[in-house]
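Q: The numbering of the sequence shown is numbering that gives the first Met the number 0, which starts it at 0 and goes up by one.
Think of the hints as simulated: they come from the structure by calculation, not from any bench. Careful, some of the hints might be misleading.
What the hints assert, rightly or not - Mimicking DSBU-like on lysine-lysine, the simulated pairs with C-alpha atoms at most 35 angstroms apart in a straight line are:
(1) K55 x K42
(2) K55 x K90
(3) K85 x K55
(4) K42 x K90
Said to hold, decoys possible - Label pairs and their computed distance ranges (CB to CB):
(5) H104 x C79: 19 to 25 angstroms
(6) P86 x R57: 30 to 36 angstroms
(7) I34 x G109: 43 to 49 angstroms
Source: prediction; values computed, not measured. C-beta atoms are modelled at their ideal positions from N, C-alpha and C, and glycine is treated no differently.
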Amino acid sequence: MQRDVASVLAHLLRLGQGEQELPTDLDFSMQGRVIAMLVRRLKLLSEVERLARSLKLREDVGYTREAARVPHWEQFIVSCAENETKPSFVKDWFPFNGFFSNTPHPVFTGAI
0 MQRDVASVLA HLLRLGQGEQ ELPTDLDFSM QGRVIAMLVR RLKLLSEVER
50 LARSLKLRED VGYTREAARV PHWEQFIVSC AENETKPSFV KDWFPFNGFF
100 SNTPHPVFTG AI
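Just need the whole structure built from these sequences, with the hints factored in.
A: Right under this line is the structure:
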């Protein structure tokens, strides 16, 4: 299994010396770490906006983590319990199919 060292280093809080020896151009200064976390925050909030679009919600839910919570998963779990005798229910009613449409492999494969 290959590891993406750059993404691991992006989350690493580097204390002390030695960052000059790392094979990366990431900035481990205080300002560099703050900027990296702000960039990551914006990336994650853009994913929340994409999720909102896939669920046909207002896109402004992506501005804060607190506003991003939606009850779709809880409703889906309850519905699955009520329809456990229908094998295709999960595939047909999974609320996040639109969000996962850009994955390299489909979420559900084969016949149910």
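Q: Evaluate each hint against the coordinates.
A: Here is how each hint holds up against the structure:
1. Taking the CA atoms of K55 and K42, the gap is about 20 angstroms. The hint holds against a cut of 35 angstroms.
2. Between the alpha carbons of K55 and K90 the distance comes to roughly 19 angstroms, so the proposed pair stays at or under 35 angstroms and holds.
3. Of the supplied pair hints, the one linking K85 and K55 holds, its CA atoms being roughly 26 angstroms apart against a limit of 35 angstroms.
4. The straight-line distance between the Cα atoms of K42 and K90 is roughly 28 angstroms, inside the 35 angstroms bound, and the hint therefore holds.
5. With their beta carbons about 22 angstroms apart, H104 and C79 fall inside the hinted range of 19 to 25 angstroms.
6. Under the hint 30 to 36 angstroms, the C-beta atoms of P86 and R57, about 34 angstroms apart, fit the expected range.
7. Take I34 and G109: their Cβ atoms lie about 45 angstroms apart, and the range 43 to 49 angstroms holds.
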